[in-house]
Amino acid sequence: MDQRFRLQERGGRALAEVWGFPVQLEGDPGLCQRIKGYFGAPVVVLGPSLDPETGERGTRVVTLRPGAPGWLAGCLRRAAEELGLRLTEVPLSAN
Amino acid sequence: MEELAPLSPYRSDRQYARLETYRRLGLPGATWAAEQFNLRIHVATTGPDGGEGRAAEVWEAVDRLPLQVKDILREVIDEIRLDEEGSFPADTLGTWRDGTMRINRDWSLIPTLRDPGWHRDLGYDLLRATLVHETGHALVEDPRGGIRLRDTVALIAASGWLPHPLDDPVPYGPVGREVSTLSAYYLKRLRQLDPSWDGELSLGSPSIPSPSQLDRDVMREVSTFNRSRTKNRGSLGLLGSDRLLRRLRREDPVRLTRELAARGLQLEDVDAQLRRRRGISLYAEDSISETPAEIFRCIHAPFTRAEHSRPALTEGERVLLEPWRTADRAIGARRPALAPERPWEALQLVRRGVGRELGR
Numbered sequence: 362m363d364q365r366f367r368l369q370e371r372g373g374r375a376l377a378e379v380w381g382f383p384v385q386l387e388g389d390p391g392l393c394q395r396i397k398g399y400f401g402a403p404v405v406v407l408g409p410s411l412d413p414e415t416g417e418r419g420t421r422v423v424t425l426r427p428g429a430p431g432w433l434a435g436c437l438r439r440a441a442e443e444l445g446l447r448l449t450e451v452p453l454s455a456n
Numbered sequence: 007m008e009e010l011a012p013l014s015p016y017r018s019d020r021q022y023a024r025l026e027t028y029r030r031l032g033l034p035g036a037t038w039a040a041e042q043f044n045l046r047i048h049v050a051t052t053g054p055d056g057g058e059g060r061a062a063e064v065w066e067a068v069d070r071l072p073l074q075v076k077d078i079l080r081e082v083i084d085e086i087r088l089d090e091e092g093s094f095p096a097d098t099l100g101t102w103r104d105g106t107m108r109i110n111r112d113w114s115l116i117p118t119l120r121d122p123g124w125h126r127d128l129g130y131d132l133l134r135a136t137l138v139h140e141t142g143h144a145l146v147e148d149p150r151g152g153i154r155l156r157d158t159v160a161l162i163a164a165s166g167w168l169p170h171p172l173d174d175p176v177p178y179g180p181v182g183r184e185v186s187t188l189s190a191y192y193l194k195r196l197r198q199l200d201p202s203w204d205g206e207l208s209l210g211s212p213s214i215p216s217p218s219q220l221d222r223d224v225m226r227e228v229s230t231f232n233r234s235r236t237k238n239r240g241s242l243g244l245l246g247s248d249r250l251l252r253r254l255r256r257e258d259p260v261r262l263t264r265e266l267a268a269r270g271l272q273l274e275d276v277d278a279q280l281r282r283r284r285g286i287s288l289y290a291e292d293s294i295s296e297t298p299a300e301i302f303r304c305i306h307a308p309f310t311r312a313e314h315s316r317p318a319l320t321e322g323e324r325v326l327l328e329p330w331r332t333a334d335r336a337i338g339a340r341r342p343a344l345a346p347e348r349p350w351e352a353l354q355l356v357r358r359g360v361g362r363e364l365g366r
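Residue numbers (the working numbering), protein chains in the order written: chain A, 362 to 456; chain B, 7 to 366.
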């Protein structure tokens, strides 16, 4: 959970930064409050599958538990889509 | 045209009739699949009821596939099997191998998918995504054809897989600025590991190592088992950009900066390169040979939910779509789709205007 994300209203000034687990938020209080509602559930993504016995490759669903790598990004992607926010990641060198 | 054929090995010269046309004639979906795509269907009779309904959903998903994916399906897939849930590893939606695509017919038995909220995360048609993903495997691994390893490696290069900069700084310099130079470098390294990696052959060719070995040779770690097998072989040590970023962030920034400087790099250079080649999505982070398939899905359904993915998407598009465009220009317009093999009914459809769907 060492990524840091920035969410910004499209056409607005409200800005929030999110990182860590437990999740830390910083920025516009109203926006932070709206984003907080998206941290309650697991995140489901598609991933590759490989049957070690047959070598058959395929597609499977993967549930990311809270705190797992990719979970925070998944929550924020959902928040960004539903709240109409622009989601970007804070550069490595600015961390 | 012959010279361009290898660039687009599965390009068809025909359009495809719509499923709806067959349904209006009272013809089953399996007939549509057989006539338009040379596909056989097998529906497992064991498991919960509803296999036929599931088959209908599969045909509807096939009908909505992008044209280029339909071309691959027609040429590479011989049979679609709707098999029972128990015949798949846990949580698996579908698989492909040697001309057979297997779809898990009982997704309702997958625990994750019982949660009605799952679709909010995935955000797209799951069945369509599975079909395209498996077709992507076929594209690079088809033993009867498939794109050349050189092109597969170019897709890997375009899709954001990079080594840790302290292990191999070369891709962070001038070599990494263009997909062509980066993929040529990766291919050269692969051939140093194993000279049998021939860039002119496809990944499914019998005279080239297996897709699993590509995973081992390209990635440092696949599993503990594979790591123990590859420790003496070496590896390109490529990581998906998300995973690499996470690893870099865990390191001591002062020490990292110092060690990068010893290799002629700055942290900003590394960050810029990682962002330029940002992965397409979370989909492709676990296994390198999945990556072309995922890119393939994205370029034919050109939307992405993470804004930072766009540069990689653009490069992947250039690598994979350009051969099709080139071949399309050379081959010219597609001929009309084959009409259903019931001429009287088809004629009636044409008179009612439905025949326009067949390109007439």
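Some hints could be false.
[As the list claims (entries may be wrong)] The following residues of chain A were derived to be distant from chain B, with all beta-carbon distances above 12 Å:
#  : residue
1  : Arg365
2  : Gly372
3  : Gly373
4  : Ala375
5  : Leu376
6  : Glu378
7  : Pro383
8  : Val384
9  : Pro390
10 : Cys393
11 : Gln394
12 : Lys397
13 : Glu414
14 : Gly416
15 : Glu417
16 : Val422
[As the list claims (entries may be wrong)] What the simulated footprint calls covered on chain A by chain B, stretch by stretch (three residues with Cβ under 8 Å from a Cβ of chain B suffice, anywhere in the stretch; the number is not a length):
#  : stretch
17 : 405–411
18 : 424–431
Read the hints as simulated data drawn from the structure, not as lab findings. Just so you know, these numbers come straight off a predicted model, no measurement behind them. Think of the CB as a built atom: it goes at the ideal place given N, C-alpha and C, for glycine as much as any other residue.
Each hint, compared with the structure:
1. Arg365: violated (9 Å)
2. Gly372: holds (15 Å)
3. Gly373: At roughly 17 Å from the nearest Cβ of chain B, Gly373/A sits farther out than 12 Å, so the non-interface label holds.
4. Ala375: holds (17 Å)
5. Leu376: About 15 Å separates Leu376/A from the closest Cβ of chain B, which puts it past 12 Å; holds.
6. Glu378: Given that every Cβ of chain B is farther than 12 Å from that of Glu378/A, nearest at about 15 Å, it holds.
7. Pro383: holds (17 Å)
8. Val384: Non-interface label on Val384/A holds, nearest chain B Cβ at 16 Å vs cutoff 12 Å.
9. Pro390: holds (24 Å)
10. Cys393: The claim holds: Cys393/A sits with its nearest Cβ about 20 Å from chain B, beyond 12 Å.
11. Gln394: holds (20 Å)
12. Lys397: Fine: 17 Å to the nearest Cβ keeps Lys397/A off the interface.
13. Glu414: Nearest chain B Cβ is 9 Å from Glu414/A, so the label is violated.
14. Gly416: violated (7 Å)
15. Glu417: violated (5 Å)
16. Val422: violated (5 Å)
17. 405–411: As far as the stretch 405–411 of chain A goes, the hint holds, because 7 residues have Cβ atoms under 8 Å from chain B.
18. 424–431: holds (count 3)
Hints 1, 13, 14, 15, 16 from the earlier list are contradicted by this structure; the remaining hints agree with it.
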